[in-house]
Amino acid sequence: MWDNRCKIAVSGVGYSKVSRMADIPLAAHALEAVKGAVADSGLQMADIDGLATYPELPATGHAEIDGISVVSVNCMMAMLKLPNLTWHIQVGTTNIGGAVQQAVNALLAGVCKYAVVWRAMHNPRGTYQNLPGAYAHGATQFTAPYGFGGPGQGMAVAYTRWLERNNQNREKMATLAVTQRKHTQHNPHAYFYGTPLTREDYFASRMVAYPFCLFDCDIPVQGAVAIVLTTADRARDLKPKPAYIAGYGQRLHFEVAGRIGSLSNYMEGGSSSAKLTWERSGFSPRDVDVAQIYDGFSASVIYGLESYGFCKEGEALDFIQDGRIELDGELPLNTFGGSLGTGRIHGLWHIIEGALQASGRAGSRQVKGANVSFVGASAPIVTGTTFIFVGEPY
Amino acid sequence: MTMSDWSKVTRPIPVPNEWTRPFWDAARRGVLELQRCQACGHFQHPPYATCVQCMAIDLKFEPVRGGGAIYAYTIMYHTGDKRFAAAVPYASIVVELDEAPGALLAGNLLEVPYTEAKVGRRVEVIFEKLNDDITLPQFRLARAT
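As you go down the protein sequences, you meet chains S and X in turn.
The first sequence: position 223 = 223 (the working numbering), numbered continuously.
The second sequence: position 35 = 35 (the working numbering), numbered continuously.
Same shape as in the complex, but just chain S (with noise of 0.2 Å):
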């Protein structure tokens, strides 16, 4: 086991509003969520001295505008002036949840004592893969020439051969995108809070690249969530109940950049990511209370049953039905909505929900004895990371 398990806490959260459009630029959205995670924690602005971030903008085509498309970290300088700042980083070979491993590594350094990572979303208007490009250069010449456009489709690809392989049938992800969205009635920060999604809903939704339909993909939206993490000591003196950090991992496995549509890239990159935290926390996927798992596409979620242990591999689309993702089932999943109901946040939002079960924050959606919490933020290829938080150290 990992010896610096549940000496880093996650203490507040915050969000900022989520729409379709921006009314007004990103980095107010930004700053809204980071000054709602500092008063969730009871702290002054003043107390922060460290800061992360992973600033992408997932979207094609359209200008990268520091502060209106993206939130840096010299934006977020800008912006807050800290006086006391000792630490900050953006991270680029993992997503959010790199960045929110990078800050527990500066708190066990001792390099900073309260870091806010924060991760801001921009929904830019027109087309989000805007692809007007005459020319396919780099690893596209290989793809773009055959209709491959946004992300969606390599991840459909890669679903293709899971059901295909595994005698299964994409109708059994219903399931997955309704319960979700009634999770997601107990979120009052989602995109979806107020808007019931059944399964009549999603059999109707017109297919966007065949096996997803609308309801399989999450809605791009314009907003901003952050979260205060701190060291256990410190984290006991603040006004929330601590979610101790137990474990973590980050994928470990990268296929040659263009080779698209391998399920092995998914299930390696998963696997890889968990084994590191099943051994740093000491705790195997029976023990787990809660699990949220990143569902930009529905498919990442049966990557992440699989590939992180929950279940075998080909089983994930029986393993979610009969009740066993609900609140009070035997694995209850994306008890925040997940992405689905959310909106296009990327991962923090999943660790925020992880966090907030473990340390029994989660209000009317609060799993009933909720103590090991895991967390697979981004999906499991390329950028994914793996956390445990708890309630009680151990």
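Keep in mind that the hints were calculated from the coordinates and are not lab data.
All values reported here derive from a predicted model rather than from experimental measurement.
Be aware that a few hints might be false.
Once the Cα atoms are required to be at most 25 Å apart in a straight line, the calculated SDA-like pairs of lysine to any residue come out as [to be verified]:
hint : chain 1 : residue 1 : chain 2 : residue 2
1    : X       : LYS82     : S       : THR60
2    : X       : LYS60     : S       : GLY138
3    : X       : LYS82     : S       : TYR128
What the simulated footprint calls covered on chain X by chain S, stretch by stretch (three residues with Cβ under 8 Å from a Cβ of chain S suffice, anywhere in the stretch; the number is not a length) [to be verified]:
hint : segment
4    : 12 to 20
5    : 65 to 73
Examples of chain X residues toward chain S, derived with CB under 8 Å [to be verified]:
hint : residue
6    : ARG83
7    : VAL94
8    : LEU104
9    : ASN108
10   : LYS118
For glycine and all other residues, C-beta sits at the position ideal for the given N, C-alpha and C.
The hints should help you fit chain X onto chain S, whose structure is shown.
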């Protein structure tokens, strides 16, 4: 009617670079060539700086017959990419060649309805000329041998 109409599609033109030029030069001649490690014999695609199996740097392009199976596919319905909007629904496929296990090639399934795309189905390479410089390897269902 389940045939995709490719006649109004404007495919983006691949831009060869120092790693990929031999692939496109061969395709222009109607030959499918893949990068092969001269140390361990491993075929790989897309081309890379080193052999991803044994780390050797002695890599050459060698012809393959171009028969294989559909490893995976998707049927595109979304019309966000205006270059391809006229063809929806269409099958974008990923092919694993018999001679190059693990080397995955993208393509479209041509000459048959898109509903014929299934994982494991046998396909063979054909060539689609885009301009004088670039010819795309493409796939159709394998004919009886």
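For this session: Determine which of the earlier numbered hints do not hold for this structure and return their numbers in increasing order.
Result: none
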